[in-house]
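Participant: Please work from the sequences and hints to get the whole structure.
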Amino acid sequence: MSFSSPGFIFLFLPVLFAVYFLIPAKLREVRNLALLLFSLFFYAWGEPIFVSLMLLSIFINYCCGLVSVKHPRIGITIAATVGLGLFIYFKYTGLLLSSANNLFGLQIPVPEITLPIGISFFTFQGLSYVIDVARGNAPAQKNPLRVALYVSLFPQLIAGPIVRYQTVAQEISQRRESLDEAALGIRRFMLGLGKKMLISNAMGQIADKAFALADGQLTWDIAWLGAFAYTMQIYFDFSGYSDMAIGLGRVLGFHFLENFNYPYISKSITEFWRRWHISLSSWFRDYVYIPLGGNRCSKTRWVFNLLFVWMLTGIWHGAAWNFMLWGLYFGILLLLEKLVLGKVLDKLPPICRWVYTFVLIMLGWVLFRAESLPQVAWYLKAMFMPSVGLHRLTLYILHQYHIELIIACIASIPIGRWLSQQERAHGGLLTLGVNLWALAVFGLSIIWMISSSFNPFIYFRF
Amino acid sequence: MQKLCNCIFLALFAIVLAAVPILTFHLPEDYISYYENRALAAEPVLNRADLLSGKYFSDWDAYMSDHIIGRNTILKTYAFIQRTLPRIEVNEIIESESGALLIMAQPEQYDPVEQAEIMDRKTYELKALANYVQQKGAVFCYVGIPSQRYAFYDEYPDYLSIGRSLVDYCEKRVFDALAETDAVAVNMREVFDATGDPRPYYLALDSHYNYNGALLTYHTLMEKLNERLEQPLKIYSDEDLVFHTEDREIFGAYSRRICNLQARKEYLTWAEPRESIPFTRTDNGFSVGSNTFYQPDITVATYAGYMGGDIGETIIQTHRDDLPRVLMFGDSFTNPLEGLIYASCGEFRSLDFRHYQGEENLYEYIDMYQPDIVIAVRDNLAYNQSEGNGTYR
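Protein chains in written order, with numbering that gives the first Met the number 0: chain A, 0 to 461; chain B, 0 to 392.
Rather than coming from a laboratory, the hints here were simulated on the basis of the structure.
Treat the hints with care, as some may be off.
To be verified - Heads up, incomplete: computed chain B residues facing chain A, CB under 8 Å, no partners named:
1. Ala-17
2. Pro-20
3. Leu-50
4. Ile-67
5. Ile-73
6. Tyr-77
7. Ile-87
Glycine residues also receive a C-beta, built at the ideal position from the N, C-alpha and C atoms.
Facilitator: Spelled out as structure tokens, the structure:
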């Protein structure tokens, strides 16, 4: 189920809130049970048959958590083997077999395996639980329903953020829902929905048009415009979803960590990855990079660690080689920044550093968005092959979407936050009206949702 | 203060969250979305296969979206906001400076070799049909009519130009082929162009011509037919007709897409012979009223007012056996013509193979009906198409 669907907002949410808040707060376990059942129903809404897979994942992680208390290595090994085994089977079997067929001239039948929604997220969350317990960062849960609730908690279930067990371990058993937190959460949800419906979808329409052009039809202007639009689409899509998840978590008494922090104001790729999909990059850092030795090892090993982690980060996003290429692209950029570019960048004016970073990010998103490696090649070629005049699609997009493009530019920098701080310092009347702003955005989002058929969610496929 | 604001905010949100589903499920449901011209999603029916595949739940999403309380108001609000913003199109409709509504069509992109092959086949079929009708002792008449987008071609912004090389090529192939037969060929594109400005002959809010366009087409084709007939058909001039104009503005195929919010308004006109011609009419085998203009949906005025819209088979009998039997087939452009041509016939039949429920193809129908005149009406977007009325056998 998507947050930006009428079924979620006007069927699921009202019933959930009614049931959840009618249960007295002191009956925490009953509230948790209700939340668990609603979370499973939320998952079943999209793919009922895969609920059993998620329950299996929960059961394995619960058992491994208990084992990890006394036998950390065994617990982690079993959890990783089974969890990642299922993950690899569902996500990468097709890619691996078809690649083997192509490489070695084999004719192994490639099965069509449906990817369970959110498997990339709940697998990593399950592992996070076992590893946190094994490391002694969190106590093992004896109550399986609590582990189930942690893994299946619907706000972050299918598109993150990846919530670590230690972040919410205490809140699962002891949390406090309040009016102010609920208002904050609902406002956050509304603004996230607005990001998705009002900005991301418009950017997606532009990107889809540009990336649908074949080799030979693409000119530099529409190629850059398409890359820019996709850059904005993926940010507002994913950060909008994270906002909605964090907001709903707040309403239910959970405090998920932030997942985005205005990544497009970054002045280096290193900074970008501290601001983009924070929960994923920190997960890989803490659970893969550091255990591999991080940077406290030989230079060769460090280079390997870094590139390996970024290759994994890339391929985590999807079963296609362009995702791995995308991961390696950022791995190499990060290496270059750490070895050479970092010192050069420090001497450049901030605007140059920003341009350098933003252009490289956009090029990265071309790798990410392209349907195939040949498309990557022709798209990038078109971006750097100047042509005379503007493509008719560029003119159409600039006439049709200029408002959304401007809004996207403004909303991707923290100018709103700055204005709000300034305004608060001068009385804060508008801040009181923040609820009105949120309601207006919510109303517009609902109008857009009902009236427009274009409503994809990019991160669902991960 | 902030706490009070938050309380009010949450109360408002809770009211919306509760009221929308309650009202949605308790108010009578619509079955048609008029603005979108489509059937609304039906309430999902639970079955094992749909439940396991997830379709059952996704159908509920579609149902909720289609039946949400105030949906038409939401669609109208969306169109209003979009029109207020400086945009080039709203819901794929471009509002030109003259107020005409133009469809956002993709620019022509085609493979000339492939199109040549298609037109080879189409013109072969067309010539075969024309010769077959002639062999049967009847007159075959082919009427080509430009679609609205070509009448308003110059009103598209340059960068949204749809191109017309393909449509011109197909037109040339069709009329070149007809010239090789004994058919009566009527290219209304040339006729409309000859007026200097085809736009007054077209609806600005719909994809079809208006009644002026239909009248000009009627006169042109009847005059051309009469050149071939031993006993000319009566052609009704303006003086022979009584004209009517609908009180309600037309809900055009294009204006409905923007919820009829456009500034320009149009009203449907139709005419009937001043001297009444009694007739009986059957649609798809069922006897209906003796009307040539009625709105099938009484709540709105649409182009379907002409003959009640697109009907598989309409038979009009004026019971004057000395007059010819005429068969006409084609898409919606035939509808206003039918209400004029029937008056000159002993029996008039109209077929729309997109909706025809019988089992006969065109050849079999001609064999069965034995008409004196066969009139094909085709819009220029469909010259190279085979669906519906583009397939004869």
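Participant: With reference to the structure, classify each hint as holding or not holding.
Facilitator: The hints, checked one at a time:
Taken as an interface hint, Ala-17(B) checks out: its beta carbon lies about 6 Å from the nearest beta carbon of chain A, inside 8 Å. The interface hint given for Pro-20(B) holds, since its Cβ lies 5 Å from the closest Cβ of chain A, which is under the 8 Å cut-off. Using the Cβ-Cβ criterion of 8 Å, the hint placing Leu-50(B) at the interface with chain A is satisfied: the shortest such distance is roughly 6 Å. Interface hint at Ile-67(B): satisfied, since its Cβ lies 6 Å from the closest Cβ of chain A, which is below the 8 Å cut-off.
Given the 8 Å rule on beta carbons, the hint for Ile-73(B) holds: about 5 Å separates it from the nearest Cβ of chain A. Restraint check, Tyr-77(B) versus chain A: the minimum CB separation of about 4 Å is within 8 Å; hint holds. Look at Ile-87(B): its Cβ gets to within about 4 Å of chain A, closer than 8 Å, so that hint holds up.
Checked against the numbered hints given earlier, the structure satisfies every one of them.
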